[in-house]
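Colleague: Residue-level listing of the chains:
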Amino acid sequence: MARRGNPEINAGSMADIAFLLLIFFLVTTTMNVDSGISKKLSEKPPKDYVPPIIKKKNIFEVNINRNNELLVEGERMEVKDLKDAAVKFIDNGGGEGKVDGGVATGPCTYCKGEKSESSSDHPNKAIISVQSDRGTEYGVYIQVQNELLKAYRELRNRLCKERYGITFTELEKNYKDNKSDEALKKKVEDIKKAYPQIISDAEPTS
Amino acid sequence: MSKFKKQKKEMPAMNTASLPDIVFMLLFFFMVTTTMRETTLQIDAPRLPTATEIKKLEHKSLVTTIYVGKAKDKKYGGSYNRIQLNDKIATSDDVPAFIINARTKVSEAEVPFMTTSLKADKEANVGTIMDIRMKLRDVNALKLSYSVNKGAN
Chain G
786 MARRGNPEIN AGSMADIAFL LLIFFLVTTT MNVDSGISKK LSEKPPKDYV
836 PPIIKKKNIF EVNINRNNEL LVEGERMEVK DLKDAAVKFI DNGGGEGKVD
886 GGVATGPCTY CKGEKSESSS DHPNKAIISV QSDRGTEYGV YIQVQNELLK
936 AYRELRNRLC KERYGITFTE LEKNYKDNKS DEALKKKVED IKKAYPQIIS
986 DAEPTS
Chain B
568 MSKFKKQKKE MPAMNTASLP DIVFMLLFFF MVTTTMRETT LQIDAPRLPT
618 ATEIKKLEHK SLVTTIYVGK AKDKKYGGSY NRIQLNDKIA TSDDVPAFII
668 NARTKVSEAE VPFMTTSLKA DKEANVGTIM DIRMKLRDVN ALKLSYSVNK
718 GAN
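Chains as they are written, first to last, in our numbering: chain G, 786 to 991; chain B, 568 to 720.
Quick caveat, the hints were computed from the structure, so don't treat them as lab data.
There may be inaccurate statements among the hints.
Not everything, but these chain G residues come out facing chain B in the computed CB check (under 7 angstroms) [unchecked claim]:
| hint | residue |
| --- | --- |
| 1 | Leu805 |
| 2 | Ile808 |
| 3 | Val812 |
| 4 | Lys825 |
| 5 | Leu826 |
| 6 | Lys829 |
| 7 | Lys832 |
| 8 | Val915 |
| 9 | Ser917 |
| 10 | Glu922 |
| 11 | Gly924 |
| 12 | Tyr926 |
| 13 | Asn931 |
Calculated pairs, EDC-like style, for lysine to aspartate or glutamate (alpha carbon to alpha carbon, straight line, at most 20 angstroms) [stated by the list, open to error]:
| hint | chain 1 | residue 1 | chain 2 | residue 2 |
| --- | --- | --- | --- | --- |
| 14 | G | Lys840 | G | Glu854 |
| 15 | G | Lys832 | B | Asp705 |
| 16 | B | Lys689 | G | Glu858 |
| 17 | G | Lys829 | B | Asp660 |
Where is the CB? At the ideal position from N, CA and C, for every residue including glycine.
Required output: the full structure, derived from the provided sequences and hints.
Modeller: So this is what it looks like as structure tokens:
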């Protein structure tokens with residue numbers, strides 16, 4: 786008998802098997818990017834900390850009760866109207882800005898608000914205080930936070946367009962793509978300083 | 568003349584021997600990049616609220632996730648305020664230990680950049696969220712992100 790060498794193993798189906806596995810991993814891979822509303826918590830105050838006295842007119846009070854109803858500055862309001870009310874409050878610019886490192890910022894030159902006596906002095910003094918009930922739904926709470934952030938976004942975009950010709954959203958994106966650009970960084974910080982986000986969460990009522 | 572005619576052959580079959588290699592390469596790429604969910608959810612997958620003003624979370628290794636929602640196990644009742652840390656249903660008192668444990672996994676220099684991602688159901692109560700926030704503040708985990716779905720403008 787003629788002795789033949791071992792026949793080669795047919796590797797033709799190898800590709801099929803590998804493809805099968807490949808498709809399985811392709812399908813199960815989720816490239817989800819986690820995203821959310823970011824919030825910087827304040828540090829725990831020391832025991833003997835006395836909160837500074839803030840003028841009532843510089844505080845924009847938002848209350849959410851346990852039935853998810855909104856009370857803004859003592860009046861009932863719908864969530865959809867909150868943004869405009871907040872914009873009006875922040876952009877009022879009725880007085881002098883806060884003293885920052887010994888330098889008074891003076892009156893708000895870029896504000897387009899009503900300059901009313903009874904509303905906020907300056908965007909860097911305007912505080913938005915959100916007080917919710919322990920029983921408030923989290924979804925509503927997030928909606929409110931979102932509307933307030935929208936108000937800041939709108940004001941920042943407007944100012945940025947005036948100063949640099951592009952919206953703040955684009956400016957931030959440009960800066961993110963090119964972190965080492967000092968000029969961009971300066972611009973971003975300039976806008977952020979002009980309209981700082983001051984949203985405070987008051988202790989919830991129970 | 569006949570010399571040339573001889574060369575008129577059929578086209579040879581394409582060599583597919585390297586095809587498995589290519590496919591395996593792709594396969595390994597996907598196997599390596601795929602991250603399976605590390606924790607099994609003990610609560611019903613939270614229905615996240617929707618918002619537009621969102622920021623992407625970067626550096627996944629620095630993110631610790633806290634889930635809030637309705638427990639799958641009936642013994643915890645039907646409320647949407649159950650907190651899940653790692654694989655267990657816990658209370659807000661366990662949050663500091665959870666955060667400190669998470670900190671041991673990253674280098675010290677990166678600790679200030681750690682972010683807590685809160686995946687809470689939209690029907691959860693603000694009280695629960697506030698309790699968690701207080702505990703986070705106690706252990707100085709100050710970067711918080713409320714996980715939401717991106718909504719249309």
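Colleague: Please list, smallest to largest, the hint numbers that this structure does not respect.
Modeller: 1, 2, 3, 7, 8, 14 and 16
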